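There are 2 protein chains.
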Amino acid sequence: MSIVVVGSIAFDSVSTPFGEREYALGGAANYFSVASSFFTDVKLVGVVGEDFPEDHLSYLTMKGVDTRGVKRHFGKTFHWKGHYGFDLNEAQTLKTELNVFSDFSPQLPDDYRKARTVFLANIDPTLQLKVLDQIQNPNIVALDTMNFWIEGKNAELKKAISRIDILFINESEIRQLAKEHNVVKAAKAMQALGPKTIVIKRGEYGALLFSGENIFFAPAFPLENLFDPTGAGDTFAGGFLGWLDKNGEMNFDTLKEAMALGTVMASFVIEKFSFDRMRDLNLLEIKKRYEKLQNLSMSPNKALEFKN
Amino acid sequence: MSIVVVGSIAFDSVSTPFGEREYALGGAANYFSVASSFFTDVKLVGVVGEDFPEDHLSYLTMKGVDTRGVKRHFGKTFHWKGHYGFDLNEAQTLKTELNVFSDFSPQLPDDYRKARTVFLANIDPTLQLKVLDQIQNPNIVALDTMNFWIEGKNAELKKAISRIDILFINESEIRQLAKEHNVVKAAKAMQALGPKTIVIKRGEYGALLFSGENIFFAPAFPLENLFDPTGAGDTFAGGFLGWLDKNGEMNFDTLKEAMALGTVMASFVIEKFSFDRMRDLNLLEIKKRYEKLQNLSMSPNKALEFKN
Chain F
93 MSIVVVGSIA FDSVSTPFGE REYALGGAAN YFSVASSFFT DVKLVGVVGE
143 DFPEDHLSYL TMKGVDTRGV KRHFGKTFHW KGHYGFDLNE AQTLKTELNV
193 FSDFSPQLPD DYRKARTVFL ANIDPTLQLK VLDQIQNPNI VALDTMNFWI
243 EGKNAELKKA ISRIDILFIN ESEIRQLAKE HNVVKAAKAM QALGPKTIVI
293 KRGEYGALLF SGENIFFAPA FPLENLFDPT GAGDTFAGGF LGWLDKNGEM
343 NFDTLKEAMA LGTVMASFVI EKFSFDRMRD LNLLEIKKRY EKLQNLSMSP
393 NKALEFKN
Chain G
93 MSIVVVGSIA FDSVSTPFGE REYALGGAAN YFSVASSFFT DVKLVGVVGE
143 DFPEDHLSYL TMKGVDTRGV KRHFGKTFHW KGHYGFDLNE AQTLKTELNV
193 FSDFSPQLPD DYRKARTVFL ANIDPTLQLK VLDQIQNPNI VALDTMNFWI
243 EGKNAELKKA ISRIDILFIN ESEIRQLAKE HNVVKAAKAM QALGPKTIVI
293 KRGEYGALLF SGENIFFAPA FPLENLFDPT GAGDTFAGGF LGWLDKNGEM
343 NFDTLKEAMA LGTVMASFVI EKFSFDRMRD LNLLEIKKRY EKLQNLSMSP
393 NKALEFKN
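Top line first, the protein sequences correspond to chains F and G. 305 is the number that the numbering used here gives to position 213 of the first sequence; each next residue is one higher, with no gaps. 384 is the number that the numbering used here gives to position 292 of the second sequence; each next residue is one higher, with no gaps.
No lab work stands behind these hints: they were computed from the structure. Quick caveat: nothing in here was measured; it's all calculated off a predicted structure. Just so you know, not all the hints are guaranteed correct.
If several chains are the same, the list does not tell them apart, and a pair holds so long as it fits within one copy or across any two.
Mimicking DSSO-like on lysine-lysine, the simulated pairs with C-alpha atoms at most 30 Å apart in a straight line are [stated by the list, open to error]:
1) LYS155 <-> LYS173
2) LYS187 <-> LYS168
3) LYS280 <-> LYS364
4) LYS288 <-> LYS379
5) LYS280 <-> LYS379
6) LYS245 <-> LYS206
7) LYS173 <-> LYS280
8) LYS364 <-> LYS384
9) LYS271 <-> LYS384
10) LYS364 <-> LYS155
11) LYS250 <-> LYS173
12) LYS380 <-> LYS277
13) LYS271 <-> LYS364
14) LYS155 <-> LYS222
Starting from the given sequences, assemble the full structure and let the hints guide the process.
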C-alpha cells in the first residue's frame, strides 16, 4: 500500500501569542507526509527552490517518505507568513510568496502512478485534476481546498470534487462552497457532487464525518498547552488517510478509526512550532493518546432504563 | 428522589430567520423542569404575574412537576425578547422586562427542603445562595450563570460556586469568569473554587465535562432543521440532572450517561419554538436518539495494530 500526496512544500514564518519562528519547515504536503508516514508508505510530489536545505529532505527520507517526486527549481521556495491571535483559531495571512510554486506543474514518476491512495492537498484545482489524470487506478482519492479556490476557481474545484472519494474541508469553507449554513445539509450537497465521504474540520471543536448515510464525530483532544495550529488540518488528513491506506479498505469502522487517528496526530503537531513535536513522536505515544481519546467520548453503555 | 429547581418562569418573544413567536412559554426553570420530568420528580420554585395563564401551570402539573413553589404576584410575568441570526448561535437580547421577578425572594415549601438534587438556574447569585440555605442536606447541587452576574456580582457568584457540586457554564462565560482562554485550564480554575464537576456548554459543538481528573465530551446531535435554540442549555441541564437524580449516584459512568441524555433532550427542544416539540415528546423517541448519539461518537474499537 502507498499514498501519493501532492501539495505545497514551504517555509513558514509564524507568530502566535506564545512565540514566533521564521522560515521553519512547513507546507501542506510535508505535514501530511510526516503524519501518514507513521502508518504507511508515502510518495511526495512537490517543488522546492534552491534555498531549500537538504536537511529538510533528509528528514522526510528518514521518515520513509519517497521524495523522488520533489523537484528542485531555480528560485526561492514557497514562503507563507501568518499570525495567530489568542484563540489560535484562524490564521491571519501576512504574506504569501509563491516563488517556485507559481509555475508548478506536477509530473509523477512512473511508479507513483500505481498508488492506491491519493491526497490532493490544498492547491489549484486545475493541478489537482492534472495529478488525478496521471494516476492509473486509485482506490481512494481525497482532496482538501480553501476559500481562495472556492471563490476563484469554483467550476474547476467542483469538477475535481466530482472525481474524489473523500472531501476534507473546514466548516466555514463547506458553508461557503455549498451556500448553506446547516452543516448536515451542506455535507449532503457535497455528497451530491460525487464524494461519498465528507470530513468537516472544526478546529478545536473536532471533526465531523459524513459517509453515505452514516455520521460520526471525533472531538478535538483537549490540551492545556497548544502552541501553533499550523499544519493541523493536513496532519489530521495524514493520520486519517495513512490509516485507511494501511488497512486497505474503507468502511465505516476503518473510517471511525481514521477520524480518531487524524485527531490524535493533529493534537501532537500543535503542541510545538513547525515539526518540532513530530520529530520526537513515536508510535507508543500515538497509541496511548488514541486510547485516551476513546475514553473521552461515548463509551459502550448498557441500554438505559427509564422511569416508566 | 426529587429535584428542586429555582429560576425564571417567563414569556419569551423570539424571532429567528425561520419565524417568530410572541409571549410564548419560556424561562430557564420551565425548560429545566419539563426536561427532567421525563426522568424524575421535579419541584419548581419561581414567581409569575397575574397574566400567566393557568394552562401553562397545568401543562407543568401534567408533566408531574410540583408547582406549589410557584408564587403568583401582582403585576406582569418576566418577559424576554430576543433575536437569533442565521447561525442560531448567540441570542441578541432586545428587551428584558423583569416585572414580578424584580423582587423575587424564593421561599421553599417545607417538603422541598429535603430535596436530594438542586438546580440553581441562572438568577442573581444572592438568590441562589438564599435557596441553598433552605435545603437541608442536598446530595447534588448544580448552578448555571451568565455574563451579567460574572460582571455585576462576581464575589457572590464565586461564593455560590464554592458551595456546589456541578457548574454548568457556556464556553465564552467560563473564559470570562476564569480569565483564561484555554478551556482545560479554565475548568481547572473553576474546580479550584469548589465544584468537582464542570460542564462547558458549546452550543452546536456539544458539551465538555470535567469531573475530577476525568474528561468527557458529547457532540451535539447533528440536525438538519433547527428552529429556535432558546432553552437548549436549561433543557440540557434538565436531562443531565434528571438522569443523575433518578440514578441516585454520581460517578463517571452516570455522568457520561447524563451528558448524553442532556444532549438528546436539548436536541429536541431546538427543533421547534418554545415547548412545542417537548409537548409531543415521548420516552421511546428519547431512547432512540440516545442510541443514535452513542453510535455517532467513539465506539469500542479493538486495540489498533500499527505499522511496526
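Quick rundown of the hints versus the structure:
1. LYS155 <-> LYS173: within (26 Å within a copy, 59 Å between copies)
2. LYS187 <-> LYS168: within (14 Å within a copy, 59 Å between copies)
3. LYS280 <-> LYS364: between (36 Å within a copy, 22 Å between copies)
4. LYS288 <-> LYS379: Answer is both: 28 Å inside a copy and 29 Å across each meet the 30 Å cutoff.
5. LYS280 <-> LYS379: between (33 Å within a copy, 26 Å between copies)
6. LYS245 <-> LYS206: Within one copy only: 28 Å inside a chain, 66 Å across chains, cut-off 30 Å.
7. LYS173 <-> LYS280: Classified as neither; 35 Å inside a copy, 34 Å across copies.
8. LYS364 <-> LYS384: within (20 Å within a copy, 37 Å between copies)
9. LYS271 <-> LYS384: between (37 Å within a copy, 28 Å between copies)
10. LYS364 <-> LYS155: within (19 Å within a copy, 53 Å between copies)
11. LYS250 <-> LYS173: Classified as within: same-chain Cα gap 28 Å, cross-chain 43 Å, threshold 30 Å.
12. LYS380 <-> LYS277: between (35 Å within a copy, 22 Å between copies)
13. LYS271 <-> LYS364: Between copies, since 23 Å is at most 30 Å while 35 Å is not.
14. LYS155 <-> LYS222: Classified as within: same-chain Cα gap 27 Å, cross-chain 63 Å, threshold 30 Å.
In terms of the numbered hints stated before, the structure departs from hint 7 and from no other.
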